[in-house]
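Going by my numbering, the sequence shown opens with residue 44, and the numbers climb by one from there.
Wrong hints could be hidden among the right ones.
Claimed, not checked - Here are the computed lysine to aspartate or glutamate pairs in the EDC-like style, where the Cα-Cα straight-line distance is at most 16 Å: (1) K381 to D360; (2) K325 to D402; (3) K381 to D402; (4) K352 to E342; (5) K201 to D247; (6) K293 to D360; (7) K294 to D196; (8) K325 to E342; (9) K409 to D301; (10) K293 to E329; (11) K201 to E265; (12) K293 to D196; (13) K294 to D161; (14) K384 to D360; (15) K101 to D161; (16) K182 to E110; (17) K101 to D360; (18) K182 to D301; (19) K294 to E175.
Worth flagging that the hints you see were computed from the coordinates, not collected in a lab.
None of these values were measured; they are calculated from a predicted model.
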Amino acid sequence: MKSVMLALFLGGCAFLGGIVGGRFQSSTDLYADGENKPAVSPGESVRLGERFETVSRKISPAVVSVEALKPGKKGKSVDESGSGVLIRVPGQAGVFVITNNHVISQSQPQQITITLHDNRILHPVQVWSDPESDIGLLKLEDIESLVTAPLGDSEQVKVGQWVLAFGSPFGLHQTVTHGIISARERGQVSLGNTIRIKDFLQTDAAINPGSSGGPLANIDGEIIGLNTAIASHSGNNSGVAFSIPINMVKKVVRNLLDKGVVSRGYLGLQVAPSFESADAQKLGLERLQGALVESIYPETPAALAGIRKGDVVLQIDNVVIRNENHFINVVSSMDPGKTIKLRIWRERVAREVNAVVGDWNAAQAKLKVSQ
Numbered sequence: 044m045k046s047v048m049l050a051l052f053l054g055g056c057a058f059l060g061g062i063v064g065g066r067f068q069s070s071t072d073l074y075a076d077g078e079n080k081p082a083v084s085p086g087e088s089v090r091l092g093e094r095f096e097t098v099s100r101k102i103s104p105a106v107v108s109v110e111a112l113k114p115g116k117k118g119k120s121v122d123e124s125g126s127g128v129l130i131r132v133p134g135q136a137g138v139f140v141i142t143n144n145h146v147i148s149q150s151q152p153q154q155i156t157i158t159l160h161d162n163r164i165l166h167p168v169q170v171w172s173d174p175e176s177d178i179g180l181l182k183l184e185d186i187e188s189l190v191t192a193p194l195g196d197s198e199q200v201k202v203g204q205w206v207l208a209f210g211s212p213f214g215l216h217q218t219v220t221h222g223i224i225s226a227r228e229r230g231q232v233s234l235g236n237t238i239r240i241k242d243f244l245q246t247d248a249a250i251n252p253g254s255s256g257g258p259l260a261n262i263d264g265e266i267i268g269l270n271t272a273i274a275s276h277s278g279n280n281s282g283v284a285f286s287i288p289i290n291m292v293k294k295v296v297r298n299l300l301d302k303g304v305v306s307r308g309y310l311g312l313q314v315a316p317s318f319e320s321a322d323a324q325k326l327g328l329e330r331l332q333g334a335l336v337e338s339i340y341p342e343t344p345a346a347l348a349g350i351r352k353g354d355v356v357l358q359i360d361n362v363v364i365r366n367e368n369h370f371i372n373v374v375s376s377m378d379p380g381k382t383i384k385l386r387i388w389r390e391r392v393a394r395e396v397n398a399v400v401g402d403w404n405a406a407q408a409k410l411k412v413s414q
């Protein structure tokens, strides 16, 4: 209660300070030179509010709450709750829910409950998951009355554009918040060891526990992201939230439906978790870019290509590598069996080597057998 009162008093003080500190000015005086005009006029604010209402009416019926019962410690089951959104997939019968893997992982279809916007309760008939991208996919029976949301193109997302976040924070179903896209291609986010593919949209829209898996929409009413995490010391919204770009979701969904798993490329090397400006300067690089090779696994594509510990991967084919996370995403997106050209920095000289992309899933299966 104190924090609310403080905010109100601060607002009052700011208002009074504006009156006491200077003379009253007419709107003509304020805007005479054009420098103090608000970025958005009252009329534009009204139109923006109407767009928010339109998008909310369009998307909200497709937003669902997801609850999953999963095994816990000492044989006790635990409840996990999150959000999701109903979609249709071209060429596929039925309706699907996309959500976060961490909401539904280790749960059987009968242990997952989906609550629709009208409080109807459904259970999925099939479940897929991709732990490395934190994407979960649920299939429902094809019920004609189900409303689905259209998917947009996250490649077209611009920093500063308006967005709306949907979900069930703290169990409050059908919650809508708004904000902007704060940044793109965020990868330096620690989300545990299983989530390896990170290329997030960052937003300041309020997202809290229970919103995981909920959609992020643009003001055209298209889904551009799947909310997955927040950066917070308290565990609650701090204005820094992350969404999986919808184009990545589309690719994962298509792979899961076609193959049951997501096909990813693999080179067999470990890159340093951080590569700073000071490191780049010591190696003779003019700018900070690339991924520093920390180790090479034997009998892997990287080893066969002659890549060494201490090399910096600057470029793969025509793609300039920005950092270690970008390197992981680029390699993972490549088809196994493809021959690629890597531009590397070694002993203050740029060199080129060729490598044949390996299969990540096959490499992981081989590793499990050897263990």
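These are the hints, each one checked on the structure:
A distance of roughly 11 Å separates the Cα atoms of K381 and D360; the hinted pair therefore holds under the 16 Å criterion. Proximity of K325 to D402 is assessed by CA-CA distance (about 34 Å); at most 16 Å being required, the pair is judged violated. For the hint linking K381 to D402, the alpha-carbon distance of about 10 Å falls within 16 Å, and the restraint holds. Between K352 and E342 the alpha-carbon distance is near 15 Å, which keeps this suggested pair within the 16 Å criterion.
With a C-alpha separation of about 14 Å, the suggested pair K201 and D247 falls inside the 16 Å cut-off, and the hint holds. The straight-line distance between the Cα atoms of K293 and D360 is roughly 24 Å, outside the 16 Å bound, and the hint therefore fails. For the hint linking K294 to D196, the alpha-carbon distance of about 12 Å falls within 16 Å, and the restraint holds. Restraint check for K325 and E342: the C-alpha separation of about 30 Å exceeds 16 Å, so the hint is violated.
Restraint check: the Cα-Cα separation between K409 and D301 comes to about 23 Å, which exceeds 16 Å; the hinted pair is violated. Distance hint between K293 and E329 is unfulfilled; the C-alpha atoms sit about 37 Å from each other, more than 16 Å. For the given pair, K201 sits about 14 Å from E265 by alpha-carbon distance, which is consistent with the 16 Å threshold. The hinted pair formed by K293 and D196 meets the criterion: a straight-line CA distance of about 10 Å does not exceed 16 Å.
With a C-alpha separation of about 30 Å, the suggested pair K294 and D161 falls outside the 16 Å cut-off, and the hint is violated. A distance of roughly 5 Å separates the Cα atoms of K384 and D360; the hinted pair therefore holds under the 16 Å criterion. For the hint pairing K101 with D161, the CA-to-CA distance comes to about 14 Å; that is within 16 Å, so the pair holds. Distance restraint check for K182 and E110: the Cα-Cα separation of roughly 15 Å lies within the 16 Å cut-off, and the hinted pair is therefore satisfied.
Between K101 and D360 the CA atoms are separated by roughly 42 Å; this puts the pair beyond 16 Å, and the hint is violated. For a cut-off of 16 Å, the pair hint linking K182 to D301 stands: about 14 Å separates their Cα positions. Restraint check: the Cα-Cα separation between K294 and E175 comes to about 13 Å, which is no more than 16 Å; the hinted pair holds.
Hints 2, 6, 8, 9, 10, 13 and 17 from the list above are not met by this structure, while the remaining hints are.
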